[in-house]
Structure formats: C-alpha cells, structure tokens
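Peer 1: The residues making up each chain are set out below.
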Amino acid sequence: MKCEDVSKELIVYLDGRANPAERRDVAEHLASCAACRARAEEFRKVWSVLDEMPGQEPSLGFDARLRQRVADEPRPGWFQWFVPQPRLAFSVALLVALCVWVSRLPRDYSTTATLPSPVTEQQQFQVIENLGVLENYDVLSKFDALSELPGPAEPAQPKDETKPENSGGM
Amino acid sequence: MRVSYTVEAMARTDVQLMLDVKAGDTASFELLLQKYRTPLVNFLYRMVRDTATAEDLAQEVFLRIYRARKEYFAGAKFTTWLFRIATNLALNSIRDNRHQRMEVSLDAPAEEDEAPIQVAAREMRIDEHMIERDRAEFIRRTIAALPEKQRAAVLLHKYEEMDYGEIAKVLDCSESALKSLLFRAYETLRVELAPLMAQPVGNRAGEGRLQ
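Heads up: the protein sequence lines correspond to chains A and B, in order.
Quick note: the first sequence uses the working numbering, first residue 171, plus one each step.
Quick note: the second sequence uses the working numbering, first residue 2, plus one each step.
Quick caveat, the hints were computed from the structure, so don't treat them as lab data.
One thing to keep in mind: the hints can contain errors.
[As the list claims (entries may be wrong)] Calculated pairs, DSBU-like style, for lysine-lysine (alpha carbon to alpha carbon, straight line, at most 30 Å):
(1) 23/B <-> 178/A
(2) 215/A <-> 170/B
(3) 23/B <-> 36/B
(4) 180/B <-> 172/A
Quantities reported herein were computed from a predicted structural model and do not represent experimental measurements.
Let the sequences and hints guide you as you build the complete structure.
Peer 2: Structure, rendered in structure tokens:
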C-alpha cells in the first residue's frame, strides 16, 4: 500500500470504523512508514484539540417559540378532505387541461390522415391515362355492366363508376 | 422535566416517535425536539457562526419536519433527514450572507470583521498564556475557514459521530468522495491547528470518541 492510498483510509482507520482488511493494510503500512505514522499521530491530536470547542446551548425561549409556531400551523380537520393536496390539485388541473385541449382539436382532423398520398395520386394519374379508353364509344357500348344501369346512360356516369374499378386493378 | 423527556425519548426509537408524530401525536414531536435541539443548534452554530441565525435555522428545520410529517416513512433514518435539511439550510444561509456581503463591499470598505476568516485566525496571538476562550475561538475560526462542504463533513463526523454512509447521504455524495473530503479537511486542520497542538492544555483532554 502506498502513502497516497493510505491517506484516504487513514481517517477511517483512526476512528475505528475500518473493516478488518482495511485495518490490516493500513496497520502494515504504518508499521513501515514513519511519515504516515507521524501524520496519524497528528490527526489524533487534531481531534483532541477539536474537543476544546464548547457547544452552543439553545436560548431559553427556543422551545416556547417553536411550540407557538407549531401551534400556528393549520390543523388537519374533516373539511380537509375537500381541500385538494397541491400535487393532486396540479395533476387534476393538468388532466383537465389536456382533456380540454383534446376536445378543442378540429373535428375534421381525420381528413388530414387521408391527405393525397402517393398511391391515390398514382390512381388519379391512371384515370387520366385511361381517359382515351373511357371516351371510346366502342368500348363503352360493349361494356355489359352499363346496360344494367337504370335510366339513360349518361356519358359522365360510367366515367365516375369506373374510377374504383381502375383503382381496384392496381 | 427535561430528564424524563430524555428517558422517554431514548426508550422509543426516532422512527417510532416520528411515526407517532405522523399519526397526529404532538407529544412525540416534543420528545424529538428535546432530543435533537441542542445537537442541531450546535451544528448550525458551527456552520454559520452566528447564534441568532443558528437558532432561526434550527426552528426552520423543526418546522419543516413537522410540516412534512405526513410524508415520513419508516425506512428513512430520522437523523439523516434532520441533518440533511439543516445542512441545506445552513449552506443556503452562508451563500446568501456571502452574496449580501459582496454587495455591501462594492459600496463600502470592508469592516474589520469582514476580513477573510483564515487571515484573522492566523493573526491571532498564540502564546502560552492563551486562555481557554481564545483557544476555542481560534478553533471555531479555523473550522469556519474550511470550505462549506468540508466543514459540514467534519462537524457531522467529529461532533455528531455519524457513520460514513449517513454523512454521505446528508451531503449527497459517495462514501469514497466523503473519505477524500474528510481527509482534505483534517489535513487543513492539522496544519492550521498546529500551534494549539504544540501547546496542549493539559486539563482539557477531550472525551469524544475520536481521539
């Protein structure tokens, strides 16, 4: 054990609170190191000198003053059940504020979730791409599904109904 | 009256007393007050070096303990809690005081007692006729000249005789850091108190545990 290692354990050794292993290591070092032995002896003297400092008694009015201050403290009563504790009050206020904030969010917020995505843009592009086919009368006249529609077949109607079909083909 | 308080307080542990306080028993708080007011005032006086401030801070410590009684749980050691509050209040008070003195010193020349404590301690006349009171004042000034955390560590170790784990909790540091802190503090005291150690007062050998 080196002197600098001993220095950290020296106080614990001298006040008798070192464990047996620490105690043995420090004792071995002290037996062979005169400088550390002298320092240890001076630490003992320091503690002896420190005992010379007298204590400070509290003043005579100390207890009475404290009793009065304690008596002035608000007493817990039955009504305190209705008085929220600061932490609880803060938590509840935070929860209420969160609920209000959530409830005040715009109702059509969900629409932002269905904003035009790359897929739908692609679908729209494909509709435009197939526009030539949809405007081809020969193709439309041979399209069996259109004949089952009630009323006169408007040119615009098949255009709308084919939209999901085209998208379904993707 | 005070003797009966002490006997009753010793018969019940601090934890039991504090749990009774928590349950609404103010008599148990009175027992804790009787048991710890002197060590607490002593500790605070040695920290802040002013009787009135030490008493004010001690009152504040007990009041905080009383106010926080509902939050006390049996696993917490009472003295650790007590001295932790006391140390924090003392450190805040020292810092506030130092800040105020710095503000004053900008406008007015420093008074004699505002000179650095260490210098004042060094300049004290040390001779064989030095009376007991002077020696005590010399020691007090030397301890007061230590950095605050080292000072608190020495006071809790030497005068309150707390174990290392408890002091470390009070000062919010590791036990290893505490050992270094104590070594540095005692090393400074060894050098500064050397004149007193060279001329010990024979009829005043301390009876403390650390000798």
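Peer 1: Hints the structure violates: just list their numbers, smallest first.
Peer 2: 1
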